[in-house]
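Participant: Sequence:
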Amino acid sequence: MKIQPIFSDTDDSSASKAFIQPSKTRKEIAAEYGIDPHTLKNWFKRDKLDIPSGDISPKFQKLIYETYGYPPLKE
Numbered sequence: 001m002k003i004q005p006i007f008s009d010t011d012d013s014s015a016s017k018a019f020i021q022p023s024k025t026r027k028e029i030a031a032e033y034g035i036d037p038h039t040l041k042n043w044f045k046r047d048k049l050d051i052p053s054g055d056i057s058p059k060f061q062k063l064i065y066e067t068y069g070y071p072p073l074k075e
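Just so you know, we're using the working numbering here: the sequence shown kicks off at 1 and counts up by one.
The hints are simulated quantities; they were obtained by calculation from the structure and are not laboratory data. Hints should not be assumed to be uniformly reliable.
Said to hold, decoys possible - Straight-line Cα separation of at most 30 Å, DSS-like style, residue types lysine-lysine; simulated pairs:
1) Lys-48 x Lys-27
2) Lys-48 x Lys-59
3) Lys-62 x Lys-27
4) Lys-27 x Lys-41
5) Lys-48 x Lys-62
6) Lys-74 x Lys-62
7) Lys-74 x Lys-24
8) Lys-27 x Lys-74
9) Lys-74 x Lys-45
10) Lys-27 x Lys-45
11) Lys-74 x Lys-41
12) Lys-59 x Lys-24
13) Lys-74 x Lys-59
14) Lys-62 x Lys-24
15) Lys-41 x Lys-62
16) Lys-45 x Lys-59
17) Lys-24 x Lys-45
18) Lys-59 x Lys-41
19) Lys-62 x Lys-45
20) Lys-48 x Lys-24
21) Lys-59 x Lys-27
22) Lys-74 x Lys-48
23) Lys-41 x Lys-24
Predicted model, so just to flag it, every value in this text is computed and none were measured.
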């Protein structure tokens with residue numbers, strides 16, 4: 001079953017450059033989506049995403065953004 005992105009109004013290539021960093025915490029990624037880190041954890045569990053503990057590497061950031069869509073860019 002393919003998961004529909006929640007946020008997807010941003011071009012993937014420009015969004016990728018804007019969002020993917022050497023490492024991010026779950027708290028930082030949750031803040032980008034405007035949700036609580038616990039909600040993000042529930043999304044991962046619901047969608048069976050196996051994200052390792054600790055800081056999130058670019059590889060897993062990309063997986064998260066491809067699954068849920070890129071959050072809106074803040075100006």
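Participant: Each hint needs a verdict: does it hold in this structure or not?
Facilitator: Tested hints:
{"no.": "1", "hint": "Lys-48 x Lys-27", "in the structure": "19 Å, holds"}
{"no.": "2", "hint": "Lys-48 x Lys-59", "in the structure": "16 Å, holds"}
{"no.": "3", "hint": "Lys-62 x Lys-27", "in the structure": "16 Å, holds"}
{"no.": "4", "hint": "Lys-27 x Lys-41", "in the structure": "10 Å, holds"}
{"no.": "5", "hint": "Lys-48 x Lys-62", "in the structure": "16 Å, holds"}
{"no.": "6", "hint": "Lys-74 x Lys-62", "in the structure": "19 Å, holds"}
{"no.": "7", "hint": "Lys-74 x Lys-24", "in the structure": "17 Å, holds"}
{"no.": "8", "hint": "Lys-27 x Lys-74", "in the structure": "17 Å, holds"}
{"no.": "9", "hint": "Lys-74 x Lys-45", "in the structure": "27 Å, holds"}
{"no.": "10", "hint": "Lys-27 x Lys-45", "in the structure": "16 Å, holds"}
{"no.": "11", "hint": "Lys-74 x Lys-41", "in the structure": "23 Å, holds"}
{"no.": "12", "hint": "Lys-59 x Lys-24", "in the structure": "11 Å, holds"}
{"no.": "13", "hint": "Lys-74 x Lys-59", "in the structure": "23 Å, holds"}
{"no.": "14", "hint": "Lys-62 x Lys-24", "in the structure": "11 Å, holds"}
{"no.": "15", "hint": "Lys-41 x Lys-62", "in the structure": "16 Å, holds"}
{"no.": "16", "hint": "Lys-45 x Lys-59", "in the structure": "18 Å, holds"}
{"no.": "17", "hint": "Lys-24 x Lys-45", "in the structure": "19 Å, holds"}
{"no.": "18", "hint": "Lys-59 x Lys-41", "in the structure": "17 Å, holds"}
{"no.": "19", "hint": "Lys-62 x Lys-45", "in the structure": "17 Å, holds"}
{"no.": "20", "hint": "Lys-48 x Lys-24", "in the structure": "20 Å, holds"}
{"no.": "21", "hint": "Lys-59 x Lys-27", "in the structure": "17 Å, holds"}
{"no.": "22", "hint": "Lys-74 x Lys-48", "in the structure": "29 Å, holds"}
{"no.": "23", "hint": "Lys-41 x Lys-24", "in the structure": "14 Å, holds"}
No hint from the list above goes unmet by this structure.
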